[in-house]
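Asker: Please model the entire structure based on the sequences and the hints provided.
As a plain string of letters, each chain reads:
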Amino acid sequence: DVKVTQSSRYLVKRTGEKVFLECVQDMDHENMFWYRQDPGLGLRLIYFSYDVKMKEKGDIPEGYSVSREKKERFSLILESASTNQTSMYLCASSRGHSSSYEQYFGPGTRLTVT
Amino acid sequence: SQKIEQNSEALNIQEGKTATLTCNYTNYSPAYLQWYRQDPGRGPVFLLLIRENEKEKRKERLKVTFDTTLKQSLFHITASQPADSATYLCAPEGWDSNYQLIWGAGTKLIIKP
Numbered sequence: 001d002v003k004v005t006q007s008s009r010y011l012v013k014r015t016g017e018k019v020f021l022e023c024v025q026d027m028d029h030e031n032m033f034w035y036r037q038d039p040g041l042g043l044r045l046i047y048f049s050y051d052v053k054m055k056e057k058g059d060i061p062e063g064y065s066v067s068r069e070k071k072e073r074f075s076l077i078l079e080s081a082s083t084n085q086t087s088m089y090l091c092a093s094s095r096g097h098s099s100s101y102e103q104y105f106g107p108g109t110r111l112t113v114t
Numbered sequence: 001s002q003k004i005e006q007n008s009e010a011l012n013i014q015e016g017k018t019a020t021l022t023c024n025y026t027n028y029s030p031a032y033l034q035w036y037r038q039d040p041g042r043g044p045v046f047l048l049l050i051r052e053n054e055k056e057k058r059k060e061r062l063k064v065t066f067d068t069t070l071k072q073s074l075f076h077i078t079a080s081q082p083a084d085s086a087t088y089l090c091a092p093e094g095w096d097s098n099y100q101l102i103w104g105a106g107t108k109l110i111i112k113p
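Chains D and P, in that order, give the protein sequences.
For the first sequence, the tail end lands on 114 under the working numbering, and the numbers increase by one without skipping.
For the second sequence, the tail end lands on 113 under the working numbering, and the numbers increase by one without skipping.
Simulated from the structure, these hints should not be mistaken for laboratory data.
The structure presented is a predicted model; accordingly, all values stated were derived computationally and were not measured.
A virtual CB, placed ideally from N, CA and C, is assigned to each residue, including glycine.
Be careful, since some hints might not be right.
Stated by the list, open to error - Within a straight-line C-alpha distance of at most 20 Å, the following computed DMTMM-like cross-link-like pairs (lysine to aspartate or glutamate) qualify:
id, chain 1, residue 1, chain 2, residue 2
1, P, 59, D, 102
2, D, 70, D, 56
3, P, 63, D, 102
4, D, 55, P, 60
What the hints assert, rightly or not - Sample of chain D residues facing chain P (criterion: CB under 10 Å; computed from the structure):
id, residue
5, 33
6, 41
7, 58
8, 90
9, 91
10, 100
11, 102
12, 110
13, 113
Answerer: This is the structure in structure tokens:
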């Protein structure tokens with residue numbers, strides 16, 4: 001059974017802290033994605049990666065960075081957390097280099113920044 | 001700019017009836033569109049993909065249409081069941097961000113027994 005796992009389901013951090021969100025997939029997929037999901041808004045793409053050590057900015061990269069040192073692992077880093085980064089963060093993976101391939105999602109991390 | 005619209009109001013349907021959800025897009029023409037289901041507290045799950053040259057696609061009780069003239073996709077669930085209650089997201093191909101998907105906010109579907 002294909003699986004995308006995320007390091008935490010719930011996380012509470014203080015303003016200014018550095019936050020690491022980890023995502024691991026076991027499907028040998030080339031593509032990995034980080035989204036945030038807020039009420040009333042669609043999923044918004046933060047960063048994605050086509051391959052190890054490759055990264056591309058999505059629609060809302062400001063305040064975030066990513067790391068992909070291994071094919072199966074994609075990390076999202078909040079350099080200095082702010083209250084407007086309180087959100088649900090979803091990681092996904094897909095095979096191939098086309099967005100026509102289906103995406104497999106992790107369960108999400110609900111991050112609260114106080 | 002590209003815009004995706006799904007009905008933000010919840011859709012209440014009686015069990016056994018057909019549920020129809022709408023996804024409208026403006027200012028561009030995607031080559032394909034995906035539909036996902038999302039349950040509370042979970043990540044979305046892929047349901048169907050339809051391409052611009054396919055007018056209709058079916059999978060069991062699900063049917064998706066893609067009208068490139070109206071710039072609209074319709075998602076139908078026939079013989080609906082309470083277990084179909086969830087939020088349904090449409091995600092057309094985008095033309096920005098290296099052609100990654102653009103996601104609608106989703107429509108919450110409630111099937112009443």
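Asker: Hint numbers the structure violates, sorted upward?
Answerer: 4, 13
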